[in-house]
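Asker: Sequences listed follow chains P and B, in order.
Quick note on numbering: the numbering used here labels position 337 of the first sequence as 337, and the sequence is numbered without any gaps.
Quick note on numbering: the numbering used here labels position 150 of the second sequence as 150, and the sequence is numbered without any gaps.
There could be a bad hint or two in this list.
[What the hints assert, rightly or not] For each label pair, taking beta carbons as the anchor points, the in silico distance ranges come out as: (1) P:HIS579 / B:VAL12: 23 to 29 Å; (2) B:GLY49 / P:PRO538: 44 to 50 Å; (3) B:LEU6 / P:PRO152: 37 to 43 Å; (4) P:ALA580 / B:ARG128: 17 to 23 Å; (5) P:HIS29 / B:LEU6: 36 to 42 Å; (6) B:ALA86 / P:SER77: 52 to 58 Å.
[Unchecked claim] Which residues of chain P face chain B? A few of them, derived with a C-beta cut under 7 Å, are: (7) LEU151; (8) ALA155; (9) PRO334.
Source of the hints: derived by calculation from the structure; they are not laboratory data.
All residues carry an ideal CB built from backbone N, CA and C; glycine is no exception.
Each chain, written out:
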Amino acid sequence: MIPELGQFALVLALLMAAAQAVFGLWGAHRGDPRWLAVVRPAVAGQFVLMSTAVGVLIYAFVSFDFSVLYVASNSNSALPTFYRVAALWGAHEGSLLLWGWILALWTLAVAAFSRHLPASFASRVMGVLGVVSFGFLLFTLYTSNPFARLLPAPADGRDLNPVLQDPALAIHPPLLYMGYVGMAVAYAFACAAMLEGKLDQTWARWTRPWTTVAWCFLSVGIALGSWWAYYELGWGGYWFWDPVENASFMPWLVGTALIHSLAVTEKRGLFKSWTLLLAILAFSLSLLGTFLVRSGVLVSVHSFAADPSRGMFILGFLVCMIGGALILYAWRAPLLKSPAGFDVTAREAFLLYNNIALVLGALVVFIGTLAPLVNDALGMQSISVGPGWFKYSFPYVAVALVALVSVGIHAAWKRGRLGENRRRLWIGLGAGAFAGLLIVFGAYQWERALSTIGIVCGCWVIVSSLFDPIDRWRRKLTLPRAIIGMTIAHIGLGVCVIAICAVESYTVERDVPLAPGETVAMGRYAYRFDTLEPVEGPNYDGVRAQVTVLRDGQPITVLHPEKRNYWVQRSTMTEAGIHARWNMDLFVAMGEDLGAGRWSVRAQLRPLIDYVWLAAFLMALGGAIAASDPRYRIRQPIADHQAAATGAAEAT
Amino acid sequence: MNRFVLPVVVFVALAGVLYIGVRHSPDKSTMVSALLGKPAPDFELPVLGDATRKFSSRQLAGKPWVLNVWGTWCGECRVEHEALLAIAAQKQVPLIGLSWRDDDDAAQQWLTELGNPYSIVAVDREGRTAIDFGVYGAPETFFIDATGRVLYRHVGAMTMDVWQREFASRLPKGGLQ
């Protein structure tokens, strides 16, 4: 009975979304305040109903209701409670439900914090979000009902996919969806502005904090996913250019471009049509990501559910949402005029160059991800682009981007007075080169030009971004949060580039067969395979090795890599043994049992790898600080002013 | 052409590619059973309860048979056991058990306690044969026809309903002698 309540709530939520869309868009078109008054209650109602549906499914998981197909397929009586809750988004149907709930949450936030906006504009924004929500809920109910029954109920479930039974991966999807769906808000603001026909700078100011917050979630979500891949998949890498990873990386790149482009539009009234296009693009890529993962068009380690009928539905949805917005764009954007020009060395220009580099990066990823599909569609040989394409193209774009940031940071708005900042530019470059070369030759050795240039550029960005805050501090000027946030995020970028270059060039890796007692040496370090013992967990068993790490012959730590067999799904998982030092990770993972006590062992020294994720968190922190800048705070709502005024008038 | 129309044009082309991609993407049912219509993998495995004997799938060549993958560690296998016993009682077709990655003693004890529906139980300790069959999780049941081809695969607990609809209907009229 209770699961049916969930389904009923979902149906009602669909109707609420329809009401929100119709009253929001049509009401704003008619300019009827009575219609507009319906929008916010519809948003609130939708949120309550979606929360009910999510709550019901969680309850079904926690109470072992295996008569619900989704619960039976994704949990087991031996599964710990934490993962029974996380199993909600362990597969397709629940993921969609979570997607819908997060959209309802974002819409609720928009409804709450948009009272200072013109009523018709706010309604249009919520109306567009209502259309998105309607499409997703329809998709959920039509092709992927999470409350479908399995009768007669089995005695036990088939368990959650073991790769998902991990704390980082359990919280990774909600954060990622917060980012994806947050881009829907920027999209809705752009569509509303185009529908309204009022594409002035205020539109950009309203959109900025929303976009930045969504971008922060996306950054943390991607970093967590990458961290998980590192220690759980046992390959020792942090990024595999897997279609699903790329699906989250493309909106991030375009979102980054959007944040910067919005800044120009807000401050200088430039790039209006470009900013609109980026806002549409960022959400389109989020949707495309969902499409690629969920339709089974691209096969990947992550895409658990694949079904062509679902693919067709999402494609239709994609065509409506993206196609509709792009047609709107083709109609409205030509009306936009840029008020003023700018020098080729002005800050606007550098932000434009950065935008181009970021979009180019996204394009590189896009081509690499979709090339197999295009080949297939054109009937050509199925080719795999593979990591090679990304490895030989993306780093150059990234290094160019970082160098542009280092220079552009010193440029002033409108008039490119780079001349006045030439001293800073050279000091920054000199200090960056010194620090970078110190890292390369002090800690490692010459490996290849690209990574050396990358490390120098990384240091350069860090030094460059510190000039302005230090200058303000010395002149006892206030430091707005926007500047603090920007500085932190740019330092994060520098750290990220340095870390990635170090990992890519200076990793030491050995795959060797080892028997207990044997040792593998890597420079000053050596790994000694001591013992192997059986382990048993709540829903798995396996073996655990003890590996002692020696530095200059002295033991410094003991690692315990595991190989686990999950009973119900009969799958084997690797738990790597990792010891993090300040400058590198000592990594060991168990490969295959070679018989007679010998195992293939993967031993690695990964320099600075933890800083890749630290950098992502720095960027997200910077974004969060910038978004909290008081100038974005909601001012006193106009309606309240009026109400207070009338109240005062009546009182007298 | 107006440069603002360009994004729509690019998107339409992309949507076309995605459309073809979806149309060509592997069908779920064929993905689930890549073996459908293909010859069943041959295997030769020890027989449960008699370490000296080996069972070879070739022994069944020329007649249809059913392979049921199970394990004592599998909850749903217990659920389907009643149905398997009833099916075995009809004696329509040889029911071969594949004891998948299991402890032999536990498997023996299970059959003693719950009754043995199988003509023969082959022991797949390493799980090799199950991999050859593309087994995703126990229980799974395969129907192999007289020419040695996999005609049907059922994932999950067997019920009398599934048996009548998908298995019994594929048997030659009048069953086997």
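Asker: State for each hint whether it applies.
Answerer: Consistency of the hints with the structure:
1. P:HIS579 / B:VAL12: 23 to 29 Å: At 53 Å between Cβs, range violated.
2. B:GLY49 / P:PRO538: 44 to 50 Å: Violated - the Cβ-Cβ distance for GLY49 (chain B) and PRO538 (chain P), about 32 Å, lies outside 44 to 50 Å.
3. B:LEU6 / P:PRO152: 37 to 43 Å: 57 Å, violated
4. P:ALA580 / B:ARG128: 17 to 23 Å: 39 Å, violated
5. P:HIS29 / B:LEU6: 36 to 42 Å: Cβ of HIS29 (chain P) to Cβ of LEU6 (chain B): about 28 Å, so the range 36 to 42 Å is violated.
6. B:ALA86 / P:SER77: 52 to 58 Å: 26 Å, violated
7. LEU151: 11 Å, violated
8. ALA155: 5 Å, holds
9. PRO334: Where the cut-off is 7 Å and the nearest Cβ of chain B is about 5 Å from PRO334 (chain P), the hint holds.
The structure fails to meet hints 1, 2, 3, 4, 5, 6, 7 from the earlier list, while all remaining hints are met.
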